[in-house]
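Enquirer: Build the full structure now, drawing on both the sequences and the hints.
Listed in order, the protein sequences are those of chains A and B.
Position one of the first sequence corresponds to residue 88 (the numbering used here), numbered consecutively onward.
Position one of the second sequence corresponds to residue 121 (the numbering used here), numbered consecutively onward.
These aren't lab readings, by the way, just hints derived from the structure by calculation.
A couple of the hints might just be wrong.
Unchecked claim - For each label pair, taking beta carbons as the anchor points, the in silico distance ranges come out as:
id, chain 1, residue 1, chain 2, residue 2, range
1, A, K258, B, T359, 43 to 53 Å
2, A, E262, B, N262, 30 to 40 Å
3, B, K384, A, E320, 30 to 40 Å
Unchecked claim - Stretch-level coverage of chain B by chain A, calculated; a stretch enters the list once three of its residues show a Cβ under 8 Å from a Cβ in chain A:
id, stretch
4, 191 to 204
5, 310 to 316
Beta carbons: idealized from backbone N, C-alpha and C, even for Gly.
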Amino acid sequence: MDNRTFANQFLEPKRTGNFIKDLNPLSKLNIFLAFGLSALILGDYRYGFGMVVFLLAVAVLAGCLRSYLKVYWKILLFFGVFLFGMKAAFSPGEQILWQKWGIHISVESLHSALVLTSGVLAFCAAVIMFVQTTEWSDLTYALEQKGVSHVTSFVILSAFQSISDLGVNAKVIMESQKARGIETEGNVIRRIKAYIPVMGPLVLNAISSVEEKSIAMDARAFSAAGTHTYLLELPKVKGGEKALVAVVDILLVLSVVWRVAGWLILN
Amino acid sequence: MAYIELKDVDYVYPLAKEPALKQVTASFERGKFYGVIGENAGGKTTLCNLLRGLIPHFYKGKLKGDVLIDGEDIRTLNMDVLSTQMGYIFQNPFTQISGVKNTVFEEIALGMENLGIPKEEMIEKVFSIAELLNIEHLLQNNPNALSGGQRQKVAFASVIAMDTDTFVIDEPTSQLDPDGTAGIFEIIHKLKEQGKTIVLVEHKIDLLAEYADEVLVLKKGELLAKGRTSEVLSDFTLTGQGVMIPHTVSFYQEFSARGHVFSKVPITKSECVSQLAGMIQGKKGEESV
Ligand SMILES: Nc1ncnc2c1ncn2[C@@H]1O[C@H](COP(=O)(O)OP(=O)(O)O)[C@@H](O)[C@H]1O
Ligand SMILES: [Mg+2]
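Expert: Next up, the structure:
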């Protein structure tokens, strides 16, 4: 693309052509949070796992399945296996299926493990979907449109930036550790051992980079008084999108009502 | 009243033992171009940090003496206002990239967004600066994935685009080739013609000789000299104190050692040429008599 065509894109609100990605970041935040929370609130593992599958389909529709799975499988492994195992092994229950060395697996513990794991997995899926379909700068733009101060939005933006920098720096440091002949791969213990000596510099680095960044932003008159302009703008939120958010929120409220009502009836 | 006034300024960075500036007294006028030179760790960057208010607002440390900008104490000056009046190009271009923009185009526009420049104007400005610096081919690139020299140009462009009245510029050409350096100097020269106040730290002395109104020499935190460029750069007592002399001055030294006398020490090429031309003319005149 030549530079003129590229620059002319800024004259129109930013659109990717993908319905999900083009939702306003705040709508997206609202919708995905509602999805995730509803799974936690309902406490029904069929709903929870259903949500995980549903969000997988959303990832396909948003065209980000690959990047989504790249993050999600770690969560799946950690919570899916670890959390499930812990809960199943140590939750109290009457109908014992298997026990040894202080571990009691029961029908009840299996059930509560399923409920917890499905809820957490669904919630994480929703959060990751939001992150995968939203650029932080778009989110802060949307927040500023809602009246959030420029400085606050910068803090949010640079916090996430620092987190991702942390990841990059960690990788760089680990590469150099490897170059010095230090084992950085293999089992978990070995990996943790390799990380411990670099944690200090990594964190210090992150702190000083936050300081450097605030100086850099000051050099761009970041907190100048007066109205700021935006090179890149997002489309105005349309009625249909507002309706969608409203429906999702109503469903979330209904799930709370459902849960509370169920609890009241049982008691 | 001077624009910026430093009186008996001492400054020690937090945790540092030695002061980075010692008893510095100097004043700066609006619309003038100041060159800052001196050996490494002389305090050049510290002086920039001070003029721009990063000392004491970001770097706490111990600051003594008076620093006045338009008569107001730097300690109580509003940094947000200062940031709209004084552009600062850091010595390290890596720290100047915001990290929050996806393309060089947006990176250059960031400062203008904060100043509330209308969108169309922003776009044209980015184009014109990119052309001056020869970085049009980078506009769509990610600013975090540039070479040192490229970053230096982008950092420079990002601050220049804000069109502030004053620019503090710390070694803007350290990572550039001669072409890139010439481009930067051309822009700085244009800024000067527009009446901007400029404080420039730069080792390329021949370029400073050409453009600067005054030169400051710092050594180990002390201000060794401050004065008109022609005087400071032809002051031979300063050679060996970390001051490099312009080529024309070393030419002058050798020339006068052989018994040829210039009416004054030339510090720019054109001065040198016109004096030489005058001598040759004179010789011809003598011969023809
Ligand atoms: N952030 C800092 N903290 C502590 N000491 C510093 C810091 N920055 C610079 N110094 C010290 O201050 C002195 C002057 O440094 P600087 O102004 O960067 O010199 P120059 O730019 O002339 O090379 C040096 O001795 C340097 O080590
Ligand atoms: Mg320096």
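Enquirer: Run every hint past the structure and note whether it holds.
Expert: Taking the hints in turn, this is what the structure says about them:
1. For the hinted restraint 43 to 53 Å between K258 of chain A and T359 of chain B, the CB-CB distance of approximately 48 Å keeps it satisfied.
2. In this structure, E262 of chain A and N262 of chain B break the distance hint of 30 to 40 Å, their C-beta atoms being roughly 20 Å apart.
3. Between K384 of chain B and E320 of chain A the C-beta distance comes to about 59 Å, which lies outside the given range of 30 to 40 Å.
4. Look at the stretch 191 to 204 of chain B against chain A: 5 of its residues bring a Cβ nearer than 8 Å to a Cβ of that chain, three or more, so the hint holds.
5. Only residues whose C-beta sits within less than 8 Å of a C-beta in chain A count toward coverage, and the stretch 310 to 316 of chain B has 0 of them, not enough to reach three; the restraint is violated.
Of the numbered hints given earlier, the model fails hints 2, 3, 5; all others are met.
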